[in-house]
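Student: Taken in order, these protein sequences are the chains called U and Z.
Reminder that position 196 of the first sequence reads as 196 in this note's numbering, one-by-one numbering, no gaps.
Reminder that position 414 of the second sequence reads as 414 in this note's numbering, one-by-one numbering, no gaps.
Treat the hints with care, as some may be off.
Same chains, same label: a pair holds when it works inside one copy or across any pair of copies.
[Said to hold, decoys possible] With a Cα cut of at most 25 Å, we get these calculated SDA-like pairs of lysine to any residue:
1. Lys-38 / Asn-525
2. Lys-173 / Ile-200
3. Lys-181 / His-204
4. Lys-502 / Ser-29
5. Lys-173 / Ala-203
6. Lys-145 / Met-109
7. Lys-145 / Glu-63
8. Lys-173 / Thr-148
9. Lys-131 / Val-120
These are calculated hints, taken from the structure and not from any lab test.
Now for the letters of each chain:
Number of protein chains: 2
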Amino acid sequence: MIAWKNMDTLAAYEELCAAQRVNLVEAMSGEAGAQRVKSYTVPMGEGLDFNYGARPVDDKILEILEKLAAEAQLSEKYEALYNGEVINTGEKRRVLHHLTRGQLGETVMADGVDKRAFYVEQQEKIADLAKKVHAGEITNVAGEKFTTVVQIGIGGSDLGPRAIYLALENWAKVNGTLKMKAEFISNVDPDDAAGVLNKIDVAHSLFILVSKSGTTLETLTNESFVKDALEKAGLDPAKHMVAVTSETSPLAKNSGYLAAFFMDDYIGGRYSSTSGVGGAVLSLAFGPEVFAQFLDGAAEADALAKNPDMKHNAAMLDALIGVYERNVLGYPTTAVLPYSQAMSRFPAHLQQLDMESNGKSVNRFGEAVNYATGPIIFGEPGTNGQHSFYQLLHQGTNIVPLQFMGFRNSQMGSDVVIQGSTSQQKLCANVAAQIIAFACGKEDEDRNKYFAGGRPSSIIIGDKLTPKALGAILAHFENKVMFQGFVWNVNSFDQEGVQLGKVLAKRVLAHDTDGALKVYSDLLNI
Amino acid sequence: MIAWKNMDTLAAYEELCAAQRVNLVEAMSGEAGAQRVKSYTVPMGEGLDFNYGARPVDDKILEILEKLAAEAQLSEKYEALYNGEVINTGEKRRVLHHLTRGQLGETVMADGVDKRAFYVEQQEKIADLAKKVHAGEITNVAGEKFTTVVQIGIGGSDLGPRAIYLALENWAKVNGTLKMKAEFISNVDPDDAAGVLNKIDVAHSLFILVSKSGTTLETLTNESFVKDALEKAGLDPAKHMVAVTSETSPLAKNSGYLAAFFMDDYIGGRYSSTSGVGGAVLSLAFGPEVFAQFLDGAAEADALAKNPDMKHNAAMLDALIGVYERNVLGYPTTAVLPYSQAMSRFPAHLQQLDMESNGKSVNRFGEAVNYATGPIIFGEPGTNGQHSFYQLLHQGTNIVPLQFMGFRNSQMGSDVVIQGSTSQQKLCANVAAQIIAFACGKEDEDRNKYFAGGRPSSIIIGDKLTPKALGAILAHFENKVMFQGFVWNVNSFDQEGVQLGKVLAKRVLAHDTDGALKVYSDLLNI
Numbered sequence: 001m002i003a004w005k006n007m008d009t010l011a012a013y014e015e016l017c018a019a020q021r022v023n024l025v026e027a028m029s030g031e032a033g034a035q036r037v038k039s040y041t042v043p044m045g046e047g048l049d050f051n052y053g054a055r056p057v058d059d060k061i062l063e064i065l066e067k068l069a070a071e072a073q074l075s076e077k078y079e080a081l082y083n084g085e086v087i088n089t090g091e092k093r094r095v096l097h098h099l100t101r102g103q104l105g106e107t108v109m110a111d112g113v114d115k116r117a118f119y120v121e122q123q124e125k126i127a128d129l130a131k132k133v134h135a136g137e138i139t140n141v142a143g144e145k146f147t148t149v150v151q152i153g154i155g156g157s158d159l160g161p162r163a164i165y166l167a168l169e170n171w172a173k174v175n176g177t178l179k180m181k182a183e184f185i186s187n188v189d190p191d192d193a194a195g196v197l198n199k200i201d202v203a204h205s206l207f208i209l210v211s212k213s214g215t216t217l218e219t220l221t222n223e224s225f226v227k228d229a230l231e232k233a234g235l236d237p238a239k240h241m242v243a244v245t246s247e248t249s250p251l252a253k254n255s256g257y258l259a260a261f262f263m264d265d266y267i268g269g270r271y272s273s274t275s276g277v278g279g280a281v282l283s284l285a286f287g288p289e290v291f292a293q294f295l296d297g298a299a300e301a302d303a304l305a306k307n308p309d310m311k312h313n314a315a316m317l318d319a320l321i322g323v324y325e326r327n328v329l330g331y332p333t334t335a336v337l338p339y340s341q342a343m344s345r346f347p348a349h350l351q352q353l354d355m356e357s358n359g360k361s362v363n364r365f366g367e368a369v370n371y372a373t374g375p376i377i378f379g380e381p382g383t384n385g386q387h388s389f390y391q392l393l394h395q396g397t398n399i400v401p402l403q404f405m406g407f408r409n410s411q412m413g414s415d416v417v418i419q420g421s422t423s424q425q426k427l428c429a430n431v432a433a434q435i436i437a438f439a440c441g442k443e444d445e446d447r448n449k450y451f452a453g454g455r456p457s458s459i460i461i462g463d464k465l466t467p468k469a470l471g472a473i474l475a476h477f478e479n480k481v482m483f484q485g486f487v488w489n490v491n492s493f494d495q496e497g498v499q500l501g502k503v504l505a506k507r508v509l510a511h512d513t514d515g516a517l518k519v520y521s522d523l524l525n526i
Numbered sequence: 001m002i003a004w005k006n007m008d009t010l011a012a013y014e015e016l017c018a019a020q021r022v023n024l025v026e027a028m029s030g031e032a033g034a035q036r037v038k039s040y041t042v043p044m045g046e047g048l049d050f051n052y053g054a055r056p057v058d059d060k061i062l063e064i065l066e067k068l069a070a071e072a073q074l075s076e077k078y079e080a081l082y083n084g085e086v087i088n089t090g091e092k093r094r095v096l097h098h099l100t101r102g103q104l105g106e107t108v109m110a111d112g113v114d115k116r117a118f119y120v121e122q123q124e125k126i127a128d129l130a131k132k133v134h135a136g137e138i139t140n141v142a143g144e145k146f147t148t149v150v151q152i153g154i155g156g157s158d159l160g161p162r163a164i165y166l167a168l169e170n171w172a173k174v175n176g177t178l179k180m181k182a183e184f185i186s187n188v189d190p191d192d193a194a195g196v197l198n199k200i201d202v203a204h205s206l207f208i209l210v211s212k213s214g215t216t217l218e219t220l221t222n223e224s225f226v227k228d229a230l231e232k233a234g235l236d237p238a239k240h241m242v243a244v245t246s247e248t249s250p251l252a253k254n255s256g257y258l259a260a261f262f263m264d265d266y267i268g269g270r271y272s273s274t275s276g277v278g279g280a281v282l283s284l285a286f287g288p289e290v291f292a293q294f295l296d297g298a299a300e301a302d303a304l305a306k307n308p309d310m311k312h313n314a315a316m317l318d319a320l321i322g323v324y325e326r327n328v329l330g331y332p333t334t335a336v337l338p339y340s341q342a343m344s345r346f347p348a349h350l351q352q353l354d355m356e357s358n359g360k361s362v363n364r365f366g367e368a369v370n371y372a373t374g375p376i377i378f379g380e381p382g383t384n385g386q387h388s389f390y391q392l393l394h395q396g397t398n399i400v401p402l403q404f405m406g407f408r409n410s411q412m413g414s415d416v417v418i419q420g421s422t423s424q425q426k427l428c429a430n431v432a433a434q435i436i437a438f439a440c441g442k443e444d445e446d447r448n449k450y451f452a453g454g455r456p457s458s459i460i461i462g463d464k465l466t467p468k469a470l471g472a473i474l475a476h477f478e479n480k481v482m483f484q485g486f487v488w489n490v491n492s493f494d495q496e497g498v499q500l501g502k503v504l505a506k507r508v509l510a511h512d513t514d515g516a517l518k519v520y521s522d523l524l525n526i
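Isolated chain U (complex conformation) (with noise of 0.2 Å):
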């Protein structure tokens, strides 16, 4: 029997707040801290290792967390949760986006169907077109081949499928799959649209048009904005258009698009990158097999997720070390670090998977909560990160837990030798060079040389950013979070906190305002 408790009210949480804190630059120090660097290592998955040897834990204090795990029932409401449960309590949805990727536990119905088979008729539907497409059965109305596609979304429809599209681009074009280039307008500045529609050829292109609801206010103004362009080029947007969105959405069953791709409700827009929502744009641009590649390497990692011993589950421990630094450490922010160029974008659609899902501050019942609930999310990549905000991060008066991410290998084999090392190799110098200087500092008689160390991190290592790799570290920070909302017993797949935005923004464009926003409204000449 599942019992949905606050933190606080959790014994193992008190014996947690109670515990002695580990002191981070004796425990990395010499011999031991080799040994609990070789220790304190997960597998993830596809070759992936989550190392948390920088972390501010110890033996004792994982016993704790362990203890937690077990007392917030972290496995019972994963297992409840990927058998169909009704874990979304507030908008009343189940929470399957797990399925869209691999059957987890019991098939789950609903609304009359098997929704694994559900998820995976569509991906075999994008597979078709992307297929028909790539091999010119499906063309423009010219007969020639789509050479671009572009995707019309925001929000989830925006970064998850860009940050993977950016992170495997390179990679594909090595490998010889890269088999359209995509684009993404996603933003209502019309300056978003009319600077994406100006660099491509609009007669070779194929839009995605992509809302759950099919009444996104921006994707609907975006594609007004891109049918407009199509007919000024005399090209029939039907033509040129694919929808993927709810089967009851305006969108479904419309003769505006050449084919139209379901997701449904269960599916949160921020853990949409499997469905459809990224299936369609990446099948196109890198074809089916490499999104199947992707999808597997992220059912590996919802597998091992399903461990109920945590530190032989990556995404438990993570998420619960985090827990840790959050509410008894106190760090308010945590930078998400990946070295490596093709993840750029990485960094933003974990900044939403998190700070969207577990920034609230009352829990699933609709009460107050007394703690801290998720932290705040940003990040770059290495080395650039070095030569930017690192300074803050190595001697500001704030400590912020770092997540680094690291690759053996690069994505497209070329480099030289410079002063008797590769770029990669001093890539990973970096790397690993920083995960010693946060955690162990450095002692100076010159206070503005020394560097009082004690800033922890963890470090997911790879050989190569693959799809597998990349789908395999997507699952992991998705059910990372879903932990976290757990102990924190938030619900962490709705989002009220967007609402009223929506709701001001309308009266302002209906000029029914008056006093602070009217003066605002007045002052940007709406």
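Fit chain Z to the known structure of chain U by using the hints.
Tutor: Quick look at chain Z alone, frame taken from chain U:
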């Protein structure tokens, strides 16, 4: 006589801590709220206004902040800085980036020359090169025009110039001044250089190597990468490359470059966008006239920042309110939210500018300070952020002060009317709505739909994002960060915190490691 004192020794700071806090929900309500928003505004040059109606201050707190400005001698310190005093005491350097865009005070002589004249001379040399490249007087060996300019640099040699290029690329397109497309290589990750080289036509590309010292490892590595590619294409690198560096660096007077343009130690990387570091790539991309407009905008903001009356000095006001939010209200993070897709990378530039400048724990005498200094900065363009992390900003357990920017007109002028409004109107309506939603919140019996409000923001409002407006905005933030550094009594112009990682990375590459560092190095196969 200037006295450099820690903030917590100032009487005004003590008074500030004791002052009655503002209830923002109340202050922003009704007709009084409207009047407040109308009056809490300052011109910041180039038709821009800085509106702080929704920041958590009132007349009483502003009065104390004025005292703090006087007691901390902000105007006197700025004057000392632009008149050439050694403000960067750690490195014993003057701080002269303001001179790259204007003469604010006395002639500054250093290294035997008038520094303003020196910077102007470099700009003229750059303008001359750019004109010759655009006119086809300087070409590749085949006598063909260069069409692409590629900046090779990292940190301040990358983030600012890249953010500015992206902010003006579409503006330049529609204004017919996009002379060359710009690309940027920064990361030591070999996939960065390989990815850029893969998509450009090297035979028609001119590369700018940017490194003040001429020894930045990432940048020299990427130079080799590029030279290798040029040679493999049968081209002479010396005919495709210019350098921006200091006169004493190994890159100066080097036959490996078509030309070299100089900066000096008085311009920190993160403050170098208005020097040759930004000047070369932006003059080549947009023409020197556009770069000159950008400088004019910055110069106007610099001049306004001289006003000792805080209420008429947007940068000083923004700085002091920020200090109040950081130190008295205890907010550790600030979000930068431009409602402009063109400014997509501007938050990343401000992240470096702010966090590298003021992320310090010691004062300018190397003594530990007992108060929080620079905040963590992050941001994404609106409306995209609304569909991502705004959930946490509205309903999370931490309050994050917000720095909005909005423009009445789009850059490209292309727009559509949907549901009775243009995209630009929707964009502006959203930012107006968000300010009120954050400040005022909304009561609701359902706690899940309840917004506490009291979340502060300011907004910079302009007519259009032009080169001049962008220059003024850039200088506003540079000067804001400078004033905050003065209040916190830190040296905002060094970055000792980046050194330790460099030292350790060299040891890793030399296989001179033991303990935990060796384990990480082994895990990463270095």
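Student: Confirm or reject each hint.
Tutor: Evaluated hints:
In this assembly of identical chains, Lys-38 and Asn-525 lie within 25 Å of each other by CA distance solely across copies; the values are 14 Å between and 61 Å within a copy. Taking identical chains as interchangeable, the C-alpha atoms of Lys-173 and Ile-200 lie at most 25 Å apart whether they share a chain (19 Å) or sit on different chains (14 Å). Taking the closest pair of Cα atoms, Lys-181 and His-204 come within 25 Å of each other both inside a single copy (11 Å) and across two copies (23 Å). In the homo-oligomer, the alpha carbons of Lys-502 and Ser-29 lie at most 25 Å apart only across protomers (19 Å), although the nearest pairing inside one protomer, at 52 Å, exceeds that limit.
In this assembly of identical chains, the alpha carbons of Lys-173 and Ala-203 lie at most 25 Å apart whether taken from the same copy (23 Å) or from different copies (21 Å). Taking the shortest alpha-carbon separations for Lys-145 and Met-109, neither the intra-copy value of 39 Å nor the inter-copy value of 64 Å comes in at or below 25 Å. Taking the shortest Cα distances, Lys-145 and Glu-63 never come within 25 Å of each other, neither inside one copy (59 Å) nor across copies (67 Å). Within a single copy, Lys-173 and Thr-148 get their C-alpha atoms as close as 14 Å, and across copies as close as 21 Å, so both meet the 25 Å cut-off.
In the homo-oligomer, the alpha carbons of Lys-131 and Val-120 lie at most 25 Å apart inside one protomer (16 Å), although the nearest pairing across protomers, at 58 Å, exceeds that limit.
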